[in-house]
Structures are given as C-alpha cells and as structure tokens.
Amino acid sequence: FLIFSIYAGYAIIFIECNDRSFALRLDIKEKVEYIEDVIGEEDVIFLHCGGDNGERWFVYTHEFAGNIIVEELAVDVAGLTPQQTKEKYQQTFYERFKKAGVTHLMVDKTSPFIEDYFGDLFVDWPVSNVGNNCMAYYKVNYENDWYSFSLVKGGSVE
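Using the working numbering, the final residue of the sequence shown is 166, and nothing's skipped along the way.
Simulated from the structure, these hints should not be mistaken for lab results.
Computed from a predicted structure; not experimentally measured.
Glycine included, each C-beta is placed from N, C-alpha and C at the ideal position.
Treat the hints loosely; a few may be bogus.
To be verified - Just the calculated beta-carbon pair ranges, DEER-fashion: (1) Val131 - Glu166: 24 to 30 Å; (2) Lys161 - Thr69: 16 to 22 Å; (3) Asp60 - Arg104: 16 to 22 Å; (4) Glu44 - Trp154: 26 to 32 Å.
Claimed, not checked - No more than 25 Å apart at the CA atoms, straight line, and that leaves these computed lysine-lysine pairs for DSS-like: (5) Lys96 - Lys106; (6) Lys117 - Lys147; (7) Lys117 - Lys37; (8) Lys107 - Lys96; (9) Lys147 - Lys94; (10) Lys96 - Lys147; (11) Lys106 - Lys117; (12) Lys106 - Lys147; (13) Lys117 - Lys161; (14) Lys107 - Lys147; (15) Lys117 - Lys96; (16) Lys161 - Lys106.
Please build the complete structure, drawing on both the sequences and the hints.
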C-alpha cells in the first residue's frame, strides 16, 4: 500500500490506490492492533488466511516486519485416501514447523482446509470460530513428537 505525494509549487499530486486495497490494509491493521500485545519479539508465526491470493500475506509481512511469517506450504497428496491425506498434511506441517522453529499460528480467516485437516489439533478454541472480523493467535505446543495449538488470544476485532 503506497500513496505518493509530490509537492510542486501549490499543487499536490496523488497517485491513488483503489478502495479495495485501502480496505484490505485497514482490515489487517485492525487485526494486528488487536493481537499485537501478545506477540513476542522472538515469535515465529505461521499465517493462515483462508481463500487468500497472496495480498493479505503481503500486507501482514509489512505489519509484522519484526517477526518471521512462514508462508503456506505445498504438500503432494495425489492418490491418497481422505484419512491418509489428513495424516500426510499433519505430519508434513509438523516437520516443517519444527524445522522452521514456528512458535505460533495466526489465523486471519479460517477455511475448510485448516478445519478438515488440522481441526483436531486445536485444543481449547476451535479454528472454526475464526470468521470475518475475527482473529486468532495460537501457541504451537510441541510434545511427545507431535503438536497442538492452544489459544493465546482470539475473538472479534470490532
């Protein structure tokens, strides 16, 4: 998000951003302000934005310049049964989270993907609670060679 302002004599020229970009930036800014009090300097965050095309992730990386945001990860599940697919996703993400040192999961907006494949890993506040104008910040708990997510802060941003 960028607006250029050029002073030329008495005239100011603005190169404008469209309303959609501005609304996206404001939405993310509100969500960041909602949870910023619980984010530590050393937190390594995996961000999930259901249905995002990359725009939200890009704006979040600007807002959290001091934290690492680990992007979405691709997993090959071709030819697997639904149960095998779930197990493959959970195991692959576990390995990648551990390797990257992910300490927290931030859910901007839920999706069937995270609910179906990871829903049973949320121990105290279901990820399905995260809808529009909501935000959830979970601690990643590593125990007994597995992981789970416990809520640090979540709820309506309004």
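Looking back at the hints listed earlier, which ones does the structure fail to meet? none
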